[in-house]
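Protein chains: 2
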Amino acid sequence: MLVQTVEGMSKKFNMDIRNLSEVTRIDRERKVVEIKSLKTGETYEESYDVLVLSPGASPIKPPIPGINEAEALFTLRNIPDTDKIKAYVDEQKPKKATVIGGGFIGVEMAENLWERGVEVTLVEMADQIMAPIDFEMASILHQHLREKGVNLVLEDGVKSFEKNGKLINLNSGKQIDTDLVILAIGVAPENKLAKEAGLELGLRGAIRVNERLQTADESIYAIGDAIEVKDYINGHATHIPLAWPANRQGRIVADHINGIDSKYQGTLGTSIAKVFDMTVAATGNNEKTLKRLGISYDVVHVHPSSHAGYYPDAFPIALKLIFDRETGKIFGAQAVSYDGADKRIDVLATAIKGGLTIFDLPDLELAYAPPYSSAKDPVNMAGYAAKNLAEGLVETVQWHEINDILADGGYLIDVREPIERDMGMIEGSVNIPLGELRDRLGEIPTREVYVYCQVGLRGYLATRILMQAGFKVKNLDGGYKTYSCVFE
Amino acid sequence: MLVQTVEGMSKKFNMDIRNLSEVTRIDRERKVVEIKSLKTGETYEESYDVLVLSPGASPIKPPIPGINEAEALFTLRNIPDTDKIKAYVDEQKPKKATVIGGGFIGVEMAENLWERGVEVTLVEMADQIMAPIDFEMASILHQHLREKGVNLVLEDGVKSFEKNGKLINLNSGKQIDTDLVILAIGVAPENKLAKEAGLELGLRGAIRVNERLQTADESIYAIGDAIEVKDYINGHATHIPLAWPANRQGRIVADHINGIDSKYQGTLGTSIAKVFDMTVAATGNNEKTLKRLGISYDVVHVHPSSHAGYYPDAFPIALKLIFDRETGKIFGAQAVSYDGADKRIDVLATAIKGGLTIFDLPDLELAYAPPYSSAKDPVNMAGYAAKNLAEGLVETVQWHEINDILADGGYLIDVREPIERDMGMIEGSVNIPLGELRDRLGEIPTREVYVYCQVGLRGYLATRILMQAGFKVKNLDGGYKTYSCVFE
Ligand SMILES: Cc1cc2nc3c(=O)[nH]c(=O)nc-3n(C[C@H](O)[C@H](O)[C@H](O)COP(=O)(O)OP(=O)(O)OC[C@H]3O[C@@H](n4cnc5c(N)ncnc54)[C@H](O)[C@@H]3O)c2cc1C
Ligand SMILES: Cc1cc2nc3c(=O)[nH]c(=O)nc-3n(C[C@H](O)[C@H](O)[C@H](O)COP(=O)(O)OP(=O)(O)OC[C@H]3O[C@@H](n4cnc5c(N)ncnc54)[C@H](O)[C@@H]3O)c2cc1C
Ligand SMILES: CC(C)(COP(=O)(O)OP(=O)(O)OC[C@H]1O[C@@H](n2cnc3c(N)ncnc32)[C@H](O)[C@@H]1OP(=O)(O)O)[C@@H](O)C(=O)NCCC(=O)NCCS
Ligand SMILES: CC(C)(COP(=O)(O)OP(=O)(O)OC[C@H]1O[C@@H](n2cnc3c(N)ncnc32)[C@H](O)[C@@H]1OP(=O)(O)O)[C@@H](O)C(=O)NCCC(=O)NCCS
Chain L
314 MLVQTVEGMS
324 KKFNMDIRNL
334 SEVTRIDRER
344 KVVEIKSLKT
354 GETYEESYDV
364 LVLSPGASPI
374 KPPIPGINEA
384 EALFTLRNIP
394 DTDKIKAYVD
404 EQKPKKATVI
414 GGGFIGVEMA
424 ENLWERGVEV
434 TLVEMADQIM
444 APIDFEMASI
454 LHQHLREKGV
464 NLVLEDGVKS
474 FEKNGKLINL
484 NSGKQIDTDL
494 VILAIGVAPE
504 NKLAKEAGLE
514 LGLRGAIRVN
524 ERLQTADESI
534 YAIGDAIEVK
544 DYINGHATHI
554 PLAWPANRQG
564 RIVADHINGI
574 DSKYQGTLGT
584 SIAKVFDMTV
594 AATGNNEKTL
604 KRLGISYDVV
614 HVHPSSHAGY
624 YPDAFPIALK
634 LIFDRETGKI
644 FGAQAVSYDG
654 ADKRIDVLAT
664 AIKGGLTIFD
674 LPDLELAYAP
684 PYSSAKDPVN
694 MAGYAAKNLA
704 EGLVETVQWH
714 EINDILADGG
724 YLIDVREPIE
734 RDMGMIEGSV
744 NIPLGELRDR
754 LGEIPTREVY
764 VYCQVGLRGY
774 LATRILMQAG
784 FKVKNLDGGY
794 KTYSCVFE
Chain D
314 MLVQTVEGMS
324 KKFNMDIRNL
334 SEVTRIDRER
344 KVVEIKSLKT
354 GETYEESYDV
364 LVLSPGASPI
374 KPPIPGINEA
384 EALFTLRNIP
394 DTDKIKAYVD
404 EQKPKKATVI
414 GGGFIGVEMA
424 ENLWERGVEV
434 TLVEMADQIM
444 APIDFEMASI
454 LHQHLREKGV
464 NLVLEDGVKS
474 FEKNGKLINL
484 NSGKQIDTDL
494 VILAIGVAPE
504 NKLAKEAGLE
514 LGLRGAIRVN
524 ERLQTADESI
534 YAIGDAIEVK
544 DYINGHATHI
554 PLAWPANRQG
564 RIVADHINGI
574 DSKYQGTLGT
584 SIAKVFDMTV
594 AATGNNEKTL
604 KRLGISYDVV
614 HVHPSSHAGY
624 YPDAFPIALK
634 LIFDRETGKI
644 FGAQAVSYDG
654 ADKRIDVLAT
664 AIKGGLTIFD
674 LPDLELAYAP
684 PYSSAKDPVN
694 MAGYAAKNLA
704 EGLVETVQWH
714 EINDILADGG
724 YLIDVREPIE
734 RDMGMIEGSV
744 NIPLGELRDR
754 LGEIPTREVY
764 VYCQVGLRGY
774 LATRILMQAG
784 FKVKNLDGGY
794 KTYSCVFE
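Protein sequence lines, in the order shown, are assigned to chains L and D.
For the first sequence, counting from 1, position 3 maps to 316 in our numbering; every step adds exactly one.
For the second sequence, counting from 1, position 47 maps to 360 in our numbering; every step adds exactly one.
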């Protein structure tokens, strides 16, 4: 999507811009493209020295039974698509809408429809929305969507549409009545031209390019949503249809055409979305990706405040850092918050590009005044926590391990105050508040224990106290807060 | 300033915290300190293996005639000081306040008093407030303060107080009637103990330490506002009394005492303040510092939007980048905006710590969605602009050079639209809108020209067009927007 007018750009850049013109064929031998004018229907040829393909990606619309009969079913790619949806909502005043797909487009649509007073159901095949982040982080958003009144249906897909799309049958057998359907289940690279011209395709049919963004034909570059890129973190091929990479690639191709040798470094996949009142942002690889690739990693979850607690409107940021314990390499980071998630992910994306490791994060000298951060920024905190783990000062267990540990007879100490337990606790845990721990060591019946607190900090301190007293101890990473995102 | 209670910290950390206790002497030979209890008046000794000095810095209160008779004159160091000022405002309901000093404490006080409905005069000796940024950037804040109704008095100082502080005589002869005076003209390191103990002092009397933060006596560490630090950018000694360095230093000393070898890298000076509705943030060295040290540098000013223009509440960020044209080294950055300044300075502070140069900034993959940024983030834009300069694609002139150039008969083309000139222009410039430039080259009477536009972008494009047509041309960096911060 481009946010400029034809006249504006033509005048400024002395460009010959032909809109309403579809390229229908590339003749690589003769170095010409065939163009069909959508105004006149006329077809003509244009020659090129170099050709840049930037055809984007189009919304996936699978052959679900009844899909073609669905009357109020929309996909979303460009401004005209948005206009159509807006017109439909303005004129038909739908009461109920169903959004299929919990990616950033689906979630943004859910939010916008909700803002217009439409009752929204969001159907997502996976067990979570927002694929770039991991399950426990997405769970914070699930809670938020449900609080807002969105009917969130996870682990279920559309089997068929009936009644011209007014009735949706899900795989589970569930049925949804709806006045409007938004289909946002992903995009597929526009590869028709490239494929027909015999250019090499890669993952998910994306056009394959080299570091200079040249296709198999060196006179033909390809950029944007249509291409396969290298994952900046793990080096494998991937497909990341986002605006920053498209932009950067465009500039690199312009450089290269003009004789400046510039290479695309690969895509980190930094992404962000507004989810109602919250922000979710991520960069680099998530656990799911690392697991799939068999790369070993460690994780810390912290929940520091977006800014100083004594200044109004501070909110905790759920910040997750994924890294290599040996080298300190940062694989990725995820943040969910009402405020300040964008800044921390941008800082971490910059740290990754600067080759900084978790060992360097405490040394990031970030701007502090009460309205903006704390004297120790959340990124510093995540760094300290990761470093403590890497240096063996603490061992941790993750949110998804603790229930099994308890079931197997593990001894779990809750080091919070009794009043905090009243607000929610892990069943089967024993309460010894941190302030009393040193005096109550005798009560602990086993040498192997687990501890937890609200966010991980007091748990860490308890771990240190217990380790020094000779216990073998692990702290629940991210504390009750991370655990309860999922188990509540 | 510490934001914790004595009980909370004692319990959690098993610490012996003695408040209302003043250390009055260090006996290095015997490794004891002399402590005076402010509750009982009693004096006793305590021995140490290692001693950590963190006495901070105290507000400077020079012997200005009449200062001791001034009744409603306050300085500000801690919570009790704040309470006193608040009590005075609540009870005496002053109509007029005078803040002396335009650093971040002075400006924050001006804002808070203004919020309480007090008429505020701010007196600053230098030609600008907010010393960490340069004059043209501070000028944006000067405009903002004046718009808010603050009576801003620059390049003037207090000569004397009369009438128990109700009348202030300035050096210029100006007189100010006031009900309340806040003195915030800087802080001086608390060095009395260190000095008397014969420890080495440095710049402005700050305690001198090595990389491990040890004083001349290796059993005595010193940290925080009391110490001299190394400037991270230029390596020279400096004194930067901020909370991030104090915190980081505390942790490094703790590490070192516990046998972990950890070094303080020096202070970058990343700082931030809320100035009424605006934010000012900076990192690294400013022009003033580099000039003083005789380091050569280049500058770009850009004014990109805090986020996508088509999403509500986007504001331009005045972003200044100072760098070395040869190596690309980033010396510093400054940002002033209603929104998003903190994020960009944190990203740039991280880039500096990662050893990234201006050539890397376009490759920073930052999070984009319309509420948060643009597909090209302001930091990317600043990087592109700096790179264009470093690679010789454009030459620029600065805001402070253009008036002299015009006075010397220079030919300056305004490439904006006529309607933009109506809103303000540089006197003596000739108008040729960018869209017409290619066709009107014949009108330009000389081969050496200067161009400007609103923010520098169209000026850059005009520069490229003119260079390709054989002109020798320089673009006004930052455009009319940077120029008019000062000359309007
Ligand atoms: C609703 C929506 C919201 C988005 N929000 C964000 C966001 O917040 N952040 C983000 O990073 N990304 C976002 N994106 C993704 C972003 O828009 C894309 O990554 C970016 O536009 C890709 O640029 P591109 O040039 O590759 O493709 P596109 O912008 O899709 O442009 C491709 C163009 O090529 C044209 N075309 C295709 N085939 C031909 C042909 N044969 N002949 C002529 N023309 C052809 C298409 O009509 C289209 O105009 C969003 C996308 C959508 C749909
Ligand atoms: C109003 C105000 C606002 C600020 N805002 C910011 C901000 O937004 N961002 C930022 O980065 N920084 C800010 N600062 C600066 C920040 O507070 C300091 O950099 C930081 O507190 C320094 O920590 P320190 O331990 O060196 O000194 P301090 O926090 O000053 O602590 C020193 C302590 O030592 C005590 N002491 C001194 N001598 C003795 C002695 N002989 N015996 C016993 N005790 C002694 C003092 O009473 C004091 O309690 C602000 C400062 C002020 C005054
Ligand atoms: C007051 C203060 C010193 C108290 O510190 P604290 O209670 O120990 O809390 P900290 O934030 O220092 O964290 C303590 C430890 O817990 C660890 N920790 C914190 N959160 C954690 C988490 N979620 N999981 C695991 N470990 C965690 C930290 O890494 C740290 O460990 P380490 O120092 O042994 O590596 C601290 O809050 C502080 O420095 N505040 C700043 C004061 C200030 O802002 N002054 C300026 C005002 S202008
Ligand atoms: C539409 C678009 C391509 C127009 O680009 P444009 O008008 O050329 O503006 P650009 O931002 O690319 O800047 C052009 C040049 O001016 C330079 N420039 C910009 N501001 C400058 C300044 N203040 N001083 C000096 N040079 C400046 C840039 O460095 C660039 O130069 P270069 O490319 O020769 O190095 C651009 O705005 C864009 O990419 N938008 C993103 C679209 C989008 O957001 N899509 C996603 C929607 S989901």
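None of these hints come from the bench; they were simulated from the model.
Where hints are given, some of them may not hold.
Unchecked claim - Derived pair list, reagent style EDC-like, types lysine to aspartate or glutamate, alpha-carbon separation capped at 20 Å:
1. Lys543(L) / Glu756(D)
2. Lys642(D) / Asp652(D)
3. Lys325(L) / Glu730(D)
4. Lys700(D) / Asp574(L)
5. Lys324(D) / Glu733(L)
6. Lys543(D) / Asp574(L)
7. Lys700(L) / Glu756(D)
8. Lys324(L) / Glu460(D)
Fair warning: this is a prediction, and the values are worked out from it, not measured in the lab.
Structure-based check of all given hints:
no., hint, result
1, Lys543(L) / Glu756(D), "violated, 50 Å"
2, Lys642(D) / Asp652(D), "violated, 27 Å"
3, Lys325(L) / Glu730(D), "holds, 12 Å"
4, Lys700(D) / Asp574(L), "holds, 14 Å"
5, Lys324(D) / Glu733(L), "holds, 18 Å"
6, Lys543(D) / Asp574(L), "violated, 38 Å"
7, Lys700(L) / Glu756(D), "violated, 65 Å"
8, Lys324(L) / Glu460(D), "violated, 38 Å"
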